[in-house]
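Go by the hints and put chain B onto chain A.
2 protein chains.
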Amino acid sequence: MTYKLTRCDLQDLDRKDPLASFKNKFLLPDGILYMNGNSLGPLSRRAKERMSDAVEHEWGTQLIRGWNTAGWYDMPTRLGNKLSQLIGAADGEVVVCDSTSVNLFKAVSAALSINPSRNKIISEVGNFPTDLYILDGIKQFSNNNPTIRIKPRNNIIEAIDTETAVVVLTHVHYVSGEIFPMDLITRKAHEMGALIVWDLSHSVGAVRTDLNSAKADFAVGCGYKHLNGGPGAPAFLYAAKRHHQTMQQPLSGWFSHKKPFEFNDDYMPADGISKMLTGTTGVLGASALEASLDIMLEARTTDRLAKVLNLTTIFQNLITKQCSGLGLTLASPENPADRGAHISYRHSNAYAIMQNLIKRGVIGDFRSPDYMRFGFSPLFMSFEDLLDAVEILREILTTKSYLSPEFQVLNAVT
Amino acid sequence: MTYKLTRCDLQDLDRKDPLASFKNKFLLPDGILYMNGNSLGPLSRRAKERMSDAVEHEWGTQLIRGWNTAGWYDMPTRLGNKLSQLIGAADGEVVVCDSTSVNLFKAVSAALSINPSRNKIISEVGNFPTDLYILDGIKQFSNNNPTIRIKPRNNIIEAIDTETAVVVLTHVHYVSGEIFPMDLITRKAHEMGALIVWDLSHSVGAVRTDLNSAKADFAVGCGYKHLNGGPGAPAFLYAAKRHHQTMQQPLSGWFSHKKPFEFNDDYMPADGISKMLTGTTGVLGASALEASLDIMLEARTTDRLAKVLNLTTIFQNLITKQCSGLGLTLASPENPADRGAHISYRHSNAYAIMQNLIKRGVIGDFRSPDYMRFGFSPLFMSFEDLLDAVEILREILTTKSYLSPEFQVLNAVT
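Chains as they are written, first to last, in the working numbering: chain A, 1 to 414; chain B, 1 to 414.
One thing to keep in mind: the hints can contain errors.
Given that identical chains are not distinguished, each listed pair holds provided it fits within a single copy or across any two copies.
In silico EDC-like cross-links for lysine to aspartate or glutamate, where the CA-CA straight-line distance does not exceed 20 angstroms [said to hold, decoys possible]:
1) 151 <-> 266
2) 48 <-> 406
3) 241 <-> 303
4) 120 <-> 265
Read the hints as simulated data drawn from the structure, not as lab findings.
Chain A with its partners taken away, still in its complex shape (with noise of 0.2 angstroms):
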């Protein structure tokens, strides 16, 4: 596909947008281009007029009869029903709790107990820190004595053998934004004899994530980023049906109980997927989460990911054409295809210039050591908006107006 790239265009793409009425959804401040979705989504009218709800309704005029009288003891299956539809599940595989770090320690170690003839975990060189981190955890803790090992991408698939336990895979990495095949790998695990468990957290909403066609067997996920949740938002687990009868996890609190409230002192776990619960449930922060879901799903599938497509290359062709020679390289897939909803460009200046898009309203992200991030979201932004982000970082970067002193202090950023 050509892409013409005059503003007239781009308005005339913004004109045929099947989902230009979205923005209209989002409350984002005046003056912001916002390019960060894909770190924390933004807040939505329907998200605000549910926390009011959930805040001085429920919870303050129901108050502890919220739990059945408001639906709070069934959101994580409710949420988790709504969310398995944007990652190919099935109703039932899917709950919204914890964080995802809680969440892949629960699933890493569940994928474990199915498994416990073999040991070896397989990770990657460079996957998302708190993944790695927890399976650090395991690996300290579990009487399953589990050996990692953290290859570079492009050896995942030879290292998956006949000793593996379970990979750990991040779908879409968060830094380049490149897609992991988790059809062809999850069949590799499969074929091994190996369990795979993804982190979906720059997928979910993002790129085409079919678990049950793949036959994925665990998944987790984030709430917070391009769902839109809300800042720390509930995250999400998904086990294979197949696999409720048999896997068990560790932290098995009342919440994973089958009559939590009989209040027995012996544990008998539920038996589906909410097996994967520990606590009560953060009804608060599952109520932004909820209504943005709502949101997504209003959305066709094919459109939402046809305009990340649409819109991530024409964003990287509007900086080949307005920014070649001002010392970007691309650090994600040339191909849109194999990429997720964000692209990432190096620059030796790269901190001070997303200080000072972050000033003139651009609002990305900075990744150490080296890496803008700019995220895309087929809901809240324009074609428009692409040209406007361009032409003020091709101004910055001609300009260099990011060697000012006030963009070269390095702040704690997330």
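Frame of chain A; chain B shown alone:
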């Protein structure tokens, strides 16, 4: 102390109550006598305003920048330092994060990591179920190969021996309200070379709790009961400073890393209490809890604790005076100093009576098989409330209105 119990006397106590003005800080519905703050504390004006601010201004306008500009990144330790003042801990010994169940898993695992030559864990028959279920999970998972010994309350002290690695007890029992002598049991554990983990879920904000004075090792607790932090509010975890260097915990997600934003592959734990964190902070839930902590810290501790004793004593006396011979049996310690901020009564029709009470606006709760629990808050309850509640209870018991079919159907309750 002798209490007079006429309405005039109670009104007089309300007039002299130094905490009387706090009731107006809470948004309780008209016609509700809320006696379930031990299960889910009510909404306050400040929490409502803070949630609106967190949603609209922090998330809505700060977006990803909120991690720095809105102080999200420091929430676990900032809230922890506020909370530490309620439990006799020092600055830097408490973090707010995750659920009580997840935190108990971390605290017990950390205690085992410090005491690796032993593997016996002692807890109580009838402890809050999630505590026992989490211990079961640790037993199934941990390479320490733990054995769990669940003993009746009266045999706990003698059960702690030189093979004991960790004692895990709930300070205030969730049904009876009975208080374990923290100093005595902690001392016995230490004499035997064991460590102790206290669950403060029903203590914090309700009874005197002085972890440092008792030399407690670890503690966890709940944010949504007497702290009024909102449904499923984040929980907390305390670790005595002397253990910070040596303790390890298995849920070693990126928020427990020394330098999380350097995105290194290798895990390096943070130096202090942050080592006990796991994943990304649930900002929305933590925001409501922080507002609630701020209210709690405005009340003088001595006033709060004295009022709890007065409320529970007067309620007990009113029940004795007005409901004797109507089938109620006290299921909590007689002596107010031996119990926390809730009292349980048994009755052969406890479930139906509680449903009838709730219909009449007196919200307590039912615990299987035949307990009615009534919770007491020094902040949002008046002395006159007690008389109103007891008069309604007496009427229900006298007229046996609870025998109506509408009150007989057992629903899930929390």
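Taking the hints in turn, this is what the structure says about them:
no. : hint        : verdict
1   : 151 <-> 266 : between (41 angstroms within a copy, 13 angstroms between copies)
2   : 48 <-> 406  : neither (34 angstroms within a copy, 37 angstroms between copies)
3   : 241 <-> 303 : neither (29 angstroms within a copy, 54 angstroms between copies)
4   : 120 <-> 265 : between (34 angstroms within a copy, 18 angstroms between copies)
Violated hints for the displayed structure, listed by number in ascending order: 2, 3.
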